[in-house]
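Trainee: In order, the protein sequences belong to chains A and B. Heads up: the first sequence begins at 26 in our numbering, then just goes up one per residue. Heads up: the second sequence begins at 430 in our numbering, then just goes up one per residue.
Keep in mind that a hint or two might mislead.
Claimed, not checked - Think about it this way: if two alpha-carbon atoms lie no more than 27 Å apart in a straight line, the pair counts; the simulated DSS-like pairs of lysine-lysine are: (1) K482/B / K111/A; (2) K473/B / K97/A; (3) K65/A / K111/A; (4) K160/A / K65/A; (5) K245/A / K99/A; (6) K160/A / K94/A; (7) K245/A / K199/A; (8) K245/A / K482/B; (9) K156/A / K199/A; (10) K99/A / K473/B; (11) K32/A / K94/A; (12) K99/A / K65/A; (13) K160/A / K111/A; (14) K245/A / K65/A; (15) K160/A / K473/B; (16) K32/A / K97/A; (17) K97/A / K160/A; (18) K473/B / K94/A; (19) K473/B / K156/A; (20) K111/A / K99/A; (21) K199/A / K94/A.
To be verified - Here chain B is said to cover these stretches of chain A; the calculated rule only asks that three of the stretch's residues, wherever they fall, bring their Cβ under 8 Å from a Cβ of chain B: (22) 46–54; (23) 70–78; (24) 85–94; (25) 103–111.
Read the hints as simulated data drawn from the structure, not as lab findings. Keep in mind that this is a model prediction, so the values were computed, not measured. Glycine included, C-beta positions come from ideal geometry on N, C-alpha and C.
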Amino acid sequence: MDSNARKDDLLTLYDEQFSSRFLLGTALYRSPAEMCDAIKASGSEFITLSLRRQNPQQNDGDAFWQMIKETKCKLLPNTAGCRSAKEAINLAEMSRELFATPWIKLEVIGDDYNLQPDPFELVIAATELIKRGFKVLPYCTDDLVLCLRLQDAGCQALMPWGAPIGTGQGLLNKYHLNSLRERISNIPLIIDAGLGSPSQAAAALEMGYDAVLLNTAVAKADNPVLMARAFSQAITAGRNGYLAGLMQRRQTASPSTPILGQPFWQQHQGDKS
Amino acid sequence: MFSLLGNNNSFAIESNCALSQLIDIAGFAEQTIAVAINGEFVPKSAYLSTTLKAADQIDIVKPIGGG
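Just chain A, same shape as in the assembly:
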């Protein structure tokens, strides 16, 4: 948690509380040590990870797992790469057993071009996993009706994309994201994917989003540790800005310095402007 964050302002997901609003991925770092340093700098308490087939001779998985455990962070396994509800459900079960956690970042990809979630399979998978006792955080689009269906399925938090995974394009559709926030005000919404810079994360929090989840923007920065810290500070700034209450936007200018007592007023007497 950034030291400027309010101590009493906690993120609640499925009745569990977190002081950090920054969920961080563990892929794409140049080295495991760099990953651990970035996680520490981010202040994140919740990190994503995955499962893949590996040869038994490869000890990468065990070494990675050991380092992850040492971070003491809560684990959020994903179902990345799954293309059907059945695949996602089975991978979620494998993750629950191996990582000993009911949390799952549910991904069901529907298209290779933009890695857009398949809304139909996503709802099927979410419904089943909730029934099986999982704490499902679905990676979804910013489609309002899809999000409502996921909420109906029992999801107690949703993770709409800002932009397609790994693009760094930020909040592409602010109208949809604002509509979503206004319509779904009773559960946490987390921007997941597509963020490329700290200012985009701050904008998401200013809009009333509860947290952000990202990976590439930190892992692929020239200095991931510094970038992790920058995102942490931006997330705190955005959240504090939201809590402080943003001013109403105006179409016309309004002077901030009082007009009363303006010197040289005589010189403006004849001005038309």
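Got chain A; can you put chain B on it based on the hints?
Mentor: Positioned in the frame of chain A, the structure of chain B alone reads:
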């Protein structure tokens, strides 16, 4: 005797071989893994009692970084 596909590797297996035996043969016994057979999750508690069949496709997965 038959062969089956585990993590894209072919293994020669005795008939009525248990999943736990394959895990030993493949070198995963001491590792942090989860298993699916033909796309269906198999819990650890069932490794001993699950008998493998010809043409079974075994997925043995380990932790990896993810976003």
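Trainee: Where does the structure disagree with the numbered hints, that is, which hint numbers, in rising order?
Mentor: Numbers 3, 8, 9, 21, in rising order.
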